[in-house]
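*Asks:* Using the hints, position chain B against chain A.
There are 2 protein chains.
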Amino acid sequence: MDQEKYVNHSDDVLDIENEGLLDGKEIERCRSEVSDKSLSYTKPLLVKRINTTSQIAIVGANVCPIESLDYEIIENELFKQDWRSRKKIQIFQYVLLKWAFALLIGLGTGLVGFFNNIAVENIAGFKLLLTSNLMSEDKNCSPIRKRCCSTLHTEYVFCNERLKGFNNFIASSETAITFYQRYFKAFAAYAGCNVGLAAAAAALCAFIAPAAAGSGIPEVKAYLNGVDAYSILAPSTLFVKIFGSVLGVSAGFMVGKEGPMVHTGACIANLLGQGGSRKYHLTWKWLRYFKNDRDRRDMITCGAAAGVAAAFRAPVGGVLFALEEAASWWRSALLWRTFFTTAVVAIVLRAFIQYCTTGKCGLFGEGGLIMYDVSSASATYSAPDILVVIFLGIIGGILGSIYNYFVDKVLRTYSIINERGAVLKILLVITISLLTSCCSFGLPWIAKCMPCPTDLSVSCPTVGKSGNYKSFQCPSGYYNDLASLFLNTNDDAIRNLFSTSTVKEFHISSLFIFFGAVYCLGIITYGIAIPSGLFIPVILAGACYGRLVGRLFESLSSLDTGLFALLGAASFLGGTMRMTVSLCIILLELTNDLLLLPLVMLVLLISKTVADNFNKGVYDQILKIKGLPYLEAHAEPYMRHLVARDVVSGPLVIFSGVEKVGNILHALRTTGHNGFPVIDEPPFSEAPELCGVVLRSHLLVLLKGKNFSMDRVVTGDDILQGFAAFDFAKAGSGKGIKLDDLDIKVEEMEMYIDLHPITNASPYTVVETMSLAKAAILFRQLGLRHMCVVPKSQGRPPIVGILTRHDFMPEHILGLYPHFNPDK
Amino acid sequence: MDQEKYVNHSDDVLDIENEGLLDGKEIERCRSEVSDKSLSYTKPLLVKRINTTSQIAIVGANVCPIESLDYEIIENELFKQDWRSRKKIQIFQYVLLKWAFALLIGLGTGLVGFFNNIAVENIAGFKLLLTSNLMSEDKNCSPIRKRCCSTLHTEYVFCNERLKGFNNFIASSETAITFYQRYFKAFAAYAGCNVGLAAAAAALCAFIAPAAAGSGIPEVKAYLNGVDAYSILAPSTLFVKIFGSVLGVSAGFMVGKEGPMVHTGACIANLLGQGGSRKYHLTWKWLRYFKNDRDRRDMITCGAAAGVAAAFRAPVGGVLFALEEAASWWRSALLWRTFFTTAVVAIVLRAFIQYCTTGKCGLFGEGGLIMYDVSSASATYSAPDILVVIFLGIIGGILGSIYNYFVDKVLRTYSIINERGAVLKILLVITISLLTSCCSFGLPWIAKCMPCPTDLSVSCPTVGKSGNYKSFQCPSGYYNDLASLFLNTNDDAIRNLFSTSTVKEFHISSLFIFFGAVYCLGIITYGIAIPSGLFIPVILAGACYGRLVGRLFESLSSLDTGLFALLGAASFLGGTMRMTVSLCIILLELTNDLLLLPLVMLVLLISKTVADNFNKGVYDQILKIKGLPYLEAHAEPYMRHLVARDVVSGPLVIFSGVEKVGNILHALRTTGHNGFPVIDEPPFSEAPELCGVVLRSHLLVLLKGKNFSMDRVVTGDDILQGFAAFDFAKAGSGKGIKLDDLDIKVEEMEMYIDLHPITNASPYTVVETMSLAKAAILFRQLGLRHMCVVPKSQGRPPIVGILTRHDFMPEHILGLYPHFNPDK
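In the order they appear, the protein sequences are chains A and B. For the first sequence, numbering that gives the first Met the number 0 assigns the number 0 to the initial residue and increments by one for each residue that follows. For the second sequence, numbering that gives the first Met the number 0 assigns the number 0 to the initial residue and increments by one for each residue that follows.
One chain only, chain A, in its complex shape:
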């Protein structure tokens, strides 16, 4: 659960520019409001306060300032000047720089992806080797060292070197000890490794960056929808996400590295976007053009795509994931740039994998660009096959939605534990880790030993860390199929399940047990304080389910069980994630079986359709639990019965075109608004008229410049002298000028300042009688932060109010109009 990311940051609240900033007292009040735990458990955790424009998510008992992003192109003197000053060569540089950044994002994410892979494979592989050696050492009467080194492959050198240190420990165990002692020793080593790794991951998460816990995809999705919660893309989050993910996956949890990789990619992109950091003295003059939310959004979209591309080694799948699931706004230029980024990732990964085939990467090396190749299986199918596949899709969809339901419940339960402090968080992680270890080591006892097949090119029982035939407790010539699934990394378990032409390899009962265990472990693992992706558990459970269906319907369908496993994975993914095209392409790139494409499409469509009848996709659920104000692409039906005026909340703070400094300061201090309408009044115009909207951040910069005038006159562009457009560009999260940085003297309070040059003279407006549904579509499609509501009839003040993201939230509207049924 990632709710803990908001812990311990309530002190920083006042540092963050946010929509509707509350003072300390109000925060305290909010906090006490939700101290009733039953509330935070059973209700959506977003507590809204009606009739202010403030917008704050109360998650657990913690206050999290959430900032809206603004994708509007500002039209005022300032930016016109800026535009004029851009020479053609500068625009060229600008475009070039965008590509350079895309390249850097691709390189960075590719590197991290490779590092992640190699680290996980080596840590987890070492752990598994150690365990299996402890288990089996004298069954074959060979000292661990000899046995280990009898593996012929790249693992040879690795074992030889790494295990030297363990020699003394091992030597003592070479005497005759009973089987059970050996077993418990192996279990202790296994569980000990797991708990150690898990605790390390949890400690990173709990103490350094709580925002790094969980998948990260919902946060990225929210950011790309225009919601910037505190520190979700901060460097500390990046650090914890990378190392926490490696540790967590190595610890044998039922978690994946995909969600964390997406978050990592987004963090890398954000870091590069803020790259011109004054802290590191890396400021180019032309970097200022990226200092706006639009360009950052584009870069973070690229980062998310690169993350998927690196996690699944699926470049096109990455682009489509970003398009279908992550991004809320899309344009064709972005498609192209994202595509470039993922191409870079693919090339980087391929180069490293090529390098690793020479055996220099320890235990890493399997998979290549295609992780689970099933293309060797024959993909011919007929009518009965299709019937079975349709059945598989329907049940897969139902199981997927049940999965979502329980993830939701578990997440809410864990949030209660997690919000009680770092120690409890870590204890929870350790508990789950122990439970996982017990399952992995205990359940294989249920399975019977199966005789090795005779016509095999691979060795049986399996030698080394991975493979289809683990011996576990079985005598020579036999293998334990359940151990082959449990005592492997998740990647290898999936590979075993996807393996083709091995119908009878796993017994039906073993598949049943493994499916049950994985399904439950997946549910109870998501929500603990480690970076945890959802893809791999879902694929694993789905593959097992698919193989099971394949075995059960053997008489009906002649399709390979490996292909059934693939279809099962597709049905589970469709049932939980509710994506279509991107999953299809990701699965295609994972398994390289183009001929199965029509069936995969069919299964995805069926399972998504079935599951959509029960609940929402898992990421949307998490978004909702987190209380992030996500704007849906469509307007809710009940909005058709309201007009814009109905949801406008007050009181409205208005500035004059030439305003007294004291008034501005007072407004900035007493409200948390980020945008203020500016009105021109006589003598500057004939009648009062709306001049535009001015942003809090721009006001702060302007006040800091102190170009005040004694009289109430229009000074125009003159006050911008001494400023560069760069000064008004958006600073990094929490880095802009604060109200406290201003040092306005008392005599200056009575002076005037001309706001026209920094006023956005072309704000988007709607008439007060505009249907709220249509206003919502306008707001969402254009990615606005402020929308002005103007009066319909004449002779009234020229502005009725300002609509922000908060005003379109169902919680806000249904709070004002409780008689509306949200489902109609």
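Keep in mind that the hints were calculated from the coordinates and are not lab data. Be a bit skeptical, because a hint or two may be false.
[Stated by the list, open to error] Reference listing, derived: stretches of chain B covered by chain A, where coverage requires no fewer than 3 residues with Cβ under 8 Å from a Cβ of chain A:
1) 388-401
2) 585-597
3) 775-789
[As the list claims (entries may be wrong)] Residues from chain B that face chain A, not an exhaustive set, calculated with beta carbons under 10 Å:
4) Lys623
5) Glu635
6) Ser684
7) Ile736
8) Tyr763
9) Ser792
We put the beta carbon where it would ideally sit given N, CA and C, even for glycine.
*Replies:* Showing chain B alone in chain A's frame:
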């Protein structure tokens, strides 16, 4: 060239509801304006008339009424009633119906795609078999019949039966005749078949549906951008597109069936969307919900995707093509529906291909779902390979943009010929057909006979219609490599070029000649009056270019020449079409080589980047030549210097909330406007205020109902009694109520009617001082047809003007402000 689609329809102009309808006299004037041919040749063919809101494309000397589509959700009494009347079960039906339509579109397009394939393969295959038999009959001293039937495959039965009729003809030629006589006889047969087929295709195009000529992708793209030109999706166009495409491709032209398939898919979708046609008595009550531009747009998007899916047997590629190239607006629900449609297409195609493997489809059967399988080639590459590939990408991009340049020039030249009448059109087609035949039959003489390779599993020279080793004039044991490329269908030629592990099969000089011929033929063929896709000629030229590069850099790169051909095709596609992700996936689905994906991505990116420096993509060019008012996604830079008021054109026709019938009729007669602002004035409101916008089509329906009142009073919803929402739904193109259908008596002219119930009470508005760039983004993003411009200051009439698509066209704005540089 498709310009001729506008021919012969000037009589219908007055029948079409269009934005800014001109009366007969004005049309005459327009026509004479462009009778100066040099104008229509050198300038963009869209002639705009400043300061009216009329919008008419003059193509050649022909007037084409272009209608804007409207995706706005109308908010008025009428539609609120409609919404209230929808029970939950009806909404369910509505959703179900959408899916049913998607299914039908998929089935229809899949069927047509299969029919297209089977027809082309059989007609062209028969032609080629006949020719090659005529050529070779006594070289091996065997009567044609025996030789033909020595082919062992499915062609056996086919030949045997079809050639019976030719026996007499053949028998006479079995005496000793000279080689050249035989050659000329074969040429005559070949050219005769070609000319016959070509003339048939041209006749269909010229006499039945001129709109069916050309690719069709630009038209579909324009439709999905909101531009409905006359008859581009009419049933007659569908008919000609299907049969014209089969005939054209069979005639050996350097054209493909892909563009036409996209257009066909869109036409099928349109036909189904209008399906509830009164003509065929197929009206469901709930079909009325599709009677709007939004739902039709969605269905046509599905149709376009289905077209690509059927043409390339690439379901995911189809979705991405629709997303990247065809559609201007996209939403995630659409992604899902499109995906479903293409899945249906894939399943239909697969079922038919399965059926055809039993040999019941004549000469059809090759390819399967993957048309050009190159997956057998090893896809390992190193640094020098990548350097060669980068070089290939750069040159490919340059050649692609040169291709676009010449296609543009040729298109403009042909438009002069085409507009002179049907006979000249057909003559042009026949000329090009003869030229193509001469190239195909003449150029192989240049190639030397090459000895057959010895280690072959296939026969050499090739037996049957397709294959890598055509004998042509060569003695037994030798083959003519150029003939293997020329005397094949385009599909088979591509398959030959993509064939792997056959490095030396084609001589470098032969590749040079073929490349030159295909490149030039491709350029001069597009624009003649047949349905002609651009994909296949570009892929063919690109594959040849790629293979050539592969041969030239043999010493540097060890990549298979078949893979080089694939990369060459990618570079040409990137250079002409300028798509990225969709091309990548289409190529992947065509060739089934996932491991080459990073290189394909690299090549596409390089060639697109290079080519974008020279000109626009080929479809955008064609759009521009056709004068279709396409709205770009971004605003032009010079729009930043203008405000909305600057481009508003007058005079404005305004209605009162309760208006005199005579005034309405007069306005409808004298203007061509499609939307009229409605103003509430005292006594109905305190001051004049904007009530909304009323549509011409709704006014016509209302007037037809004759619910007039004697006095000027607000009657409200009462006047809607006797109407169903269905009556106001949008009719099919040219099917709505006409002005002449109204029969208003003189005494009724003085009566009043309340316009409030049919007025869209929530029109999108902008303030007159809104930056034009931002207004354009608003207009484009929301898919509007009318946007109201309201005054900034009070005390003026409540509306300044209405902006339509026309007002955002660069031609219009630069006509008003000629001093702006469009490039800045």
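*Asks:* Hint by hint, say whether it matches the structure.
*Replies:* Hint check:
no. : hint    : verdict
1   : 388-401 : violated (count 0)
2   : 585-597 : holds (count 7)
3   : 775-789 : holds (count 5)
4   : Lys623  : 17 Å, violated
5   : Glu635  : 13 Å, violated
6   : Ser684  : 7 Å, holds
7   : Ile736  : 27 Å, violated
8   : Tyr763  : 7 Å, holds
9   : Ser792  : 5 Å, holds
Of the numbered hints given earlier, the model fails hints 1, 4, 5 and 7; all others are met.
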